[in-house]
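Using the sequences plus the hints, can you model the full thing?
Each chain is listed here by its residues.
There are 2 protein chains.
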Amino acid sequence: MSSTVTNDAPEPVVLTLDEVFTLSRNVLLRHGMSEAHADAIARVITQGQRDECHSHGIYRLLVCARSLKSGKVDARAEPTLRDIAPGVLAVDAHYGFSLLAFETGLPVLAQKARSQGVAAMTINHCFHFSALWPEVEAIAAQGLVGIAMNPSHSWVAPAGGTRGVFGTNPLAFAWPREGGLPFVFDFATSAIARGDIELHAREGKPIPPHWALNSDGQPTTDARAALDGAMQTFGGHKGSALAAMIELLAGALIGDLTSMESQAFDGGAGASPCHGELVIAIDPRRFGGDGYEAGQARAERLFAAITAQGARLPSQRRFEARGRSERDGVKVPRALYDDVLKLLD
Amino acid sequence: MSSTVTNDAPEPVVLTLDEVFTLSRNVLLRHGMSEAHADAIARVITQGQRDECHSHGIYRLLVCARSLKSGKVDARAEPTLRDIAPGVLAVDAHYGFSLLAFETGLPVLAQKARSQGVAAMTINHCFHFSALWPEVEAIAAQGLVGIAMNPSHSWVAPAGGTRGVFGTNPLAFAWPREGGLPFVFDFATSAIARGDIELHAREGKPIPPHWALNSDGQPTTDARAALDGAMQTFGGHKGSALAAMIELLAGALIGDLTSMESQAFDGGAGASPCHGELVIAIDPRRFGGDGYEAGQARAERLFAAITAQGARLPSQRRFEARGRSERDGVKVPRALYDDVLKLLD
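Top to bottom, those sequences are chains A and B. So the first sequence is numbered by this note's numbering: it starts at 1 and just counts up by one. So the second sequence is numbered by this note's numbering: it starts at 1 and just counts up by one.
Derived by calculation from the structure, the hints in this document are not laboratory data. Since we're looking at a predicted model, the values are computed, not measured. Some hints here could point you the wrong way.
Copies of the same chain look alike in the list, so a pair counts if it works inside one copy or between any two.
Below, simulated SDA-like cross-link-like pairs (lysine to any residue); rule was C-alpha separation at most 25 angstroms, straight line [said to hold, decoys possible]:
hint, residue 1, residue 2
1, Lys205, Gly236
2, Lys69, Thr16
3, Lys69, Asp339
4, Lys72, Gly236
5, Lys72, Ser215
6, Lys72, Leu17
7, Lys72, Gly291
8, Lys72, Ala294
9, Lys69, Leu181
10, Lys342, Thr16
Quick look at the structure:
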């Protein structure tokens, strides 16, 4: 490990990606995780740290340890697969974290997408672990289009409402690009991540009025009042409609909890949300047939028309960070690093 | 026809839904449409008028006549079906309007969704006709979840950009509800419908600055400058990401035109956009299995939590209009009615 520390000012610790993986894996094993879960989660934590999504990097080990302490997560659950239709694979995570369930199901989902053209994978009874972009990127790495979504806890009010019903309900999408990084987005249908409101509350800073409502259902600039009230969706009634769609598709459709139910299930423990997830994979070769290459070229012309006018494709910041991290390693704040090391005690 | 007219002030003409259908069908036949196309389009125009979506009611007959005059639309094209994968049906509209293609493919799509769990229908080489809600509602009427999307013309700039790349790219979704109207939304990924900007321009009224950019790529409140510039997406970079997804899924994936290409194909004729469409159908019975009823109940609890706090479900205004129209008939402005009658000359 090539860390640089002085005695006065805490400088960040520099870790290689292999070191991030090993550290994460060791912490997870130390907290009772099975090897399979520890590997799956450590891989995604390494990806988060690599892409400088700091709340999804090794910081997440602290969240994970708290979730394990809540006693609801099964750290050794073995996912089971069930073929429920030619186009649908159901994975039961048995109240373990979601990532091993995703990894276990992915080869079957990919095979179904190739044979059927379009296929779905439902993941049930999982504790949410990370952003969804690692999953849709893994689908795109197989040459398939990926879509993923899940509910969370009911922090978000519907448009025109005053109380939380929806989760922050992320929607992620990836389009595979020949010989390059995919076109990827992964966004919350809430106006902002809940963590951003928490950060403002900690720092006593005001928030923009379209982020949240106070407990009287009125827009507020007070971050603490927002945490006692409800968040807003992005984009008004359109974002609210999307959030509802995600509750329906990744909750009611797949026989798993809505965000309201997941919140109740948590019972104030503050663990990661327990819910289901819907993943869709589409084979562009089956759709495109002889025109597959032409479709790829058409997509590239679309991307070029966006970037040629100075606009960015989604995820470009992550991809730039990825390049830096693969070359130079990642910088971890000393205090965070120390907190993570304590998890090894 | 129970119209009420005085000689001084033009009162609206009141028509029954049957009268709307017959009038629409006659106009379409008079303009050279085949019976099959005229029936399919007249049905959807009647639905639009019934739900008081005025731009999709009999007003649309004027737009349709203009599109037919452009000479690009084949008013008698017979859609052909091709089974390209167990989960994918491809419908070629052969440069006719989209609705007959949708109607022709729907039974096969529904059968595929029931046998595969999830299935897709691509519609290629069609001229756009209407909103997408009649299509996803038709899917929901079969007890299936429906999703539909299509590009249009490249009027909309990507977030952070200055020039049009995306269409107004609608996304529609319907969830079937036992014994009732479905949960339905259908929204443009642009901040506003293009027609609303045109209306403001005609009336010389300013527009909100988040609707559009002028030709220098700056936000503008001048509706005429907006029409010469580019529209904005709803919801900033998130709406922009969704708009891109629709170009990819309902353009590049399915071997059809992106909005930029559709605009070029139109060549200034001002016809309805020519493009493809992606329709997805999901069978909740296949996903839910023995838990299907529980999933339906879960969805109803979600809807109740929304409406109990005074928020509305999407499409409620349409459904209320539907009730009124089925009971009392529809009111059509006299001038519009006269313009439509002239199409019969």
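Verification of the supplied hints:
Proximity of Lys205 and Gly236 under a CA criterion of 25 angstroms is satisfied in both settings, with 24 angstroms inside one chain copy and 23 angstroms between copies. For the homomeric pair Lys69 and Thr16, neither the shortest alpha-carbon distance inside one copy (29 angstroms) nor that between copies (65 angstroms) is at most 25 angstroms. When the C-alpha separation of Lys69 and Asp339 is checked against a cutoff of 25 angstroms, the pair qualifies only within one copy, where the shortest distance is 16 angstroms, while the shortest distance between copies is 72 angstroms. In this assembly of identical chains, Lys72 and Gly236 lie within 25 angstroms of each other by CA distance neither inside one copy nor across copies; the values are 35 angstroms within and 38 angstroms between.
For the identical chains of this complex, Lys72 and Ser215 are neighbours neither inside a copy (29 angstroms) nor across copies (56 angstroms), given an alpha-carbon limit of 25 angstroms. For the homomeric pair Lys72 and Leu17, neither the shortest alpha-carbon distance inside one copy (30 angstroms) nor that between copies (57 angstroms) is at most 25 angstroms. Taking the shortest alpha-carbon separations for Lys72 and Gly291, only the inter-copy value of 23 angstroms comes in at or below 25 angstroms, while the best intra-copy value is 49 angstroms. In this homomeric assembly, Lys72 and Ala294 come within 25 angstroms of each other (Cα to Cα) only across copies, at 23 angstroms, whereas the closest approach inside a single copy is 49 angstroms.
In the homo-oligomer, the alpha carbons of Lys69 and Leu181 never lie at most 25 angstroms apart, since the shortest distance is 37 angstroms inside one protomer and 45 angstroms across protomers. For a Cα distance limit of 25 angstroms, the shortest separation of Lys342 from Thr16 inside one copy, 20 angstroms, qualifies, whereas the shortest one across copies, 75 angstroms, does not.
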